[in-house]
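Enquirer: Residues per chain are reported as follows:
2 protein chains.
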Amino acid sequence: MARWEPDARERLVRAALDLFTEQGYDNTTVVQIAERAGVTKSTFFRHFSGKREVLVAGQDALCQLLTDGIASAPSTATPLEAVAAALDFAASAFTPERRDFGPQVEAVIAANTELQERDALKRTSLASAIAEALLKRGVPDPTSSLAAELGVLALKRTHARWSDPTNQETFSELARQSLDDLRAASAALT
Amino acid sequence: MARWEPDARERLVRAALDLFTEQGYDNTTVVQIAERAGVTKSTFFRHFSGKREVLVAGQDALCQLLTDGIASAPSTATPLEAVAAALDFAASAFTPERRDFGPQVEAVIAANTELQERDALKRTSLASAIAEALLKRGVPDPTSSLAAELGVLALKRTHARWSDPTNQETFSELARQSLDDLRAASAALT
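Read top to bottom, the protein sequences are chains A and B.
Sequential numbering from 1 applies to the first sequence in the numbering used here.
Sequential numbering from 1 applies to the second sequence in the numbering used here.
It should be emphasised that the hints constitute simulated quantities derived from the structure, not laboratory data.
Owing to the predicted nature of the structure, the values given are computational and were not obtained by experimental measurement.
Please note that the accuracy of each hint is not assured.
Identical chains share a label here; the pair holds if one copy fits it or two copies do between them.
[Stated by the list, open to error] Capping the alpha-carbon separation at 25 Å, the derived lysine to aspartate or glutamate pairs in DMTMM-like fashion look like this:
1. K156 <-> D7
2. K156 <-> E106
3. K41 <-> D7
4. K41 <-> E132
5. K136 <-> D7
6. K136 <-> D68
7. K122 <-> E97
8. K41 <-> E173
9. K51 <-> D180
10. K51 <-> E106
11. K136 <-> E22
12. K122 <-> E35
13. K122 <-> D141
14. K156 <-> E132
15. K51 <-> E132
16. K122 <-> D26
17. K51 <-> D141
18. K51 <-> E169
19. K41 <-> E81
20. K41 <-> D180
21. K51 <-> D68
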């Protein structure tokens, strides 16, 4: 009956975030999230495999965007130009809605070690995916690994700037600036 | 009564690794680990806060060695020279015993998502600690963050080479090589 719940997914994310914030992540059950969102438990499980996944929803999509971006870069692109293409593609995942949720998501994660671990693995997985996509283009290791770490660092810094309530710039603009900053830092290192 | 169990800690690590390997991490209890090691449950808890901590034991010590190494570098040292000093200090944590346990620890972690998450957070924490120690030396952000990621990447690569059964080189020698490789890769990127 998914067609009768067009915004169920978004309502579930909102409900979960509110409950995690109000009563803590550990004290919140899937049943409570579904109730708050006004959907059934089975609707919850059509969208998420568990309460933790509500917070990392979109990881697979983000990973796909990053690797698609790298694959799309012209064959003449340098590793960092390929990473820039990855961030350009990734920008489409950072919707206004995601920006609204951002600070609350960060606060919930910061309050719970289990979630910090999940988040750390997410970053590690993104770095591995980028490194692998670069290897496929013929970028040798460890240049591929280093460029991937630089990409993830740029993503993290871009996200922090973009989520700032005073920010007026687009994710893409900020991503370019972050990459430029990191490219300069990398040059200063060597 | 810790003085009657001089090698209890090592026996507990060995017992835990064997049980995790034989029957899986999720199926292993603290009571089983203590029994296998021939100690009481309360002895277990004098050494570790839980079964998961057996696998990440030494993280705080490693973190301390890395930051001590950075603090010890001469004031004229470049960020990467400070990171090299961190890895030099860290080498003392990589004992022959740890090398023996290494492949088994890796296999147990690779088989369990929860442990992979814990391991990912460990790497993130090490990077943050290195970045903070560099900031304290006046290395500006994002150079500090980038040098820290490079250090963690070097640590990971060094550990993999050092744990290889055919390896004959010391941790310090391999760390220097890894850092040189990454410095070259970083120069190639920019």
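Enquirer: Check each numbered hint from earlier against the structure, then list the numbers of those it violates in ascending order.
Expert: 1, 4, 5, 8, 9, 11, 12, 15, 17, 18, 19, 20, 21
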